[in-house]
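Trainee: Sequence:
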Amino acid sequence: MIYIAERDSASVLAKSHKSSKTGVTQSSNATAVFGTSVACILQPEVTYGPYYVSGEYIRHDMRESQLGVDLYVDVQVIDTSSCTTIPGIYIELWHCNSTGVYSGVVASGNGNSADTSNLNATFHRGLFKTNSDGIAQGITKFPGHYTGRASHIHVIAHMNGTILANNTYISNNYAHIGQIFFDQDLISSVEATSPYSTNTQQLTTNSKDNLLAEETGNSFDPIVQYVWLGDFVSDGIFAWISIGVNTQYNQAVSPAAYLTAHGGVANANGGFFGPGGGVPSVAGAVVSVLVLLALGGLAWYKGADIKDFVAKRWDQLPFQRLKE
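This note's numbering numbers the first residue of the sequence shown as 4 and each following residue consecutively.
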């Protein structure tokens, strides 16, 4: 096993994660990619953000008809209590498309909010079961960007869930919630290609992303290692990362929507103040605080625990979206 020395954001951002390994591709075995020792370090828990959809498909390929640079991702999952890999755990990934839009959610700040068909969309979402080496592999498109966040992919580790007849997965056991990132020069190379170059939203760099900084606070490096699969970045990318999880942990989650047998269904209690990808206005934040106080008063009137009420709603205020 490998115990990694403490890192900070500056050292992580200064490091190139482009691998010098030769002959490594998405078809390489676990030893060729990850070596013979596991990196036994817990990935910090961070927000799942405003666009999580529960009940997605178990599938290797999440691309559907989306355009962009092919991205193969290997995620090795480590049990930090034993420093051994975990076979049979489900890893869920989701991210925005090349122009900064998430599928499965209709909301202001997430593409065209008048396009209600996006509630039924499932691109760039999926779950993968780890193999005997504790590795889950999926193929997607390299994520684009949206205002306020650097390019990233959300990660959830599920345990003890249920596979439904339509090959979707539901679970109330969220053993880990995190995010993974990419070198800034890799992002720049991808962003120079179409359709990423048509994205007019402001690009936030890694150095300005608070969640990336938060994930480096526990000696963890949330940036994937990678190789190009050809002479040009447009030929595709193979990326890999090891994440340590606490299998006894279970975090409460309130999805923005649910994927059902009849399509997407918005969750009235998810993203309470309206999820979005951009930086909210001060006026919007003030209004939301006033609404929160009013609802808190109603909760008090009905005998609810005000402290518990506020704690559950605080992270859903618009100004908190800067962290998502």
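What the hints contain is simulated information worked out from the structure, not anything from laboratory work.
Remember, predicted model here, so these are calculated numbers, not experimental data.
The reader is advised that the hints may include incorrect statements.
As the list claims (entries may be wrong) - Quick list of in silico lysine-lysine cross-link-like pairs, DSS-like style, CA-CA up to 30 Å:
hint: 1; residue 1: Lys21; residue 2: Lys132
hint: 2; residue 1: Lys211; residue 2: Lys21
hint: 3; residue 1: Lys132; residue 2: Lys24
hint: 4; residue 1: Lys211; residue 2: Lys18
As the list claims (entries may be wrong) - Ranges between beta-carbon positions, derived for each pair:
hint: 5; residue 1: Asn213; residue 2: Ser40; range: 16 to 22 Å
hint: 6; residue 1: Ser257; residue 2: Lys132; range: 38 to 44 Å
hint: 7; residue 1: Glu67; residue 2: Ala264; range: 14 to 20 Å
hint: 8; residue 1: Ser197; residue 2: Asn270; range: 30 to 36 Å
hint: 9; residue 1: Pro198; residue 2: Asn32; range: 41 to 47 Å
hint: 10; residue 1: Ser40; residue 2: Asn249; range: 17 to 23 Å
hint: 11; residue 1: Asn123; residue 2: Ser84; range: 21 to 27 Å
hint: 12; residue 1: Arg62; residue 2: Thr203; range: 19 to 25 Å
hint: 13; residue 1: Ser68; residue 2: Asp11; range: 16 to 22 Å
hint: 14; residue 1: Arg62; residue 2: Thr28; range: 35 to 41 Å
Where is the CB? At the ideal position from N, CA and C, for every residue including glycine.
Trainee: Next, verify each hint and record whether it holds.
Mentor: Structure-based check of each hint:
no.: 1; hint: Lys21 to Lys132; verdict: holds (26 Å)
no.: 2; hint: Lys211 to Lys21; verdict: holds (21 Å)
no.: 3; hint: Lys132 to Lys24; verdict: holds (26 Å)
no.: 4; hint: Lys211 to Lys18; verdict: holds (16 Å)
no.: 5; hint: Asn213 to Ser40: 16 to 22 Å; verdict: violated (31 Å)
no.: 6; hint: Ser257 to Lys132: 38 to 44 Å; verdict: violated (25 Å)
no.: 7; hint: Glu67 to Ala264: 14 to 20 Å; verdict: holds (19 Å)
no.: 8; hint: Ser197 to Asn270: 30 to 36 Å; verdict: holds (34 Å)
no.: 9; hint: Pro198 to Asn32: 41 to 47 Å; verdict: violated (34 Å)
no.: 10; hint: Ser40 to Asn249: 17 to 23 Å; verdict: holds (20 Å)
no.: 11; hint: Asn123 to Ser84: 21 to 27 Å; verdict: violated (40 Å)
no.: 12; hint: Arg62 to Thr203: 19 to 25 Å; verdict: violated (31 Å)
no.: 13; hint: Ser68 to Asp11: 16 to 22 Å; verdict: violated (41 Å)
no.: 14; hint: Arg62 to Thr28: 35 to 41 Å; verdict: violated (21 Å)
Checked against the numbered hints above, the structure violates hints 5, 6, 9, 11, 12, 13 and 14; every other hint is satisfied.
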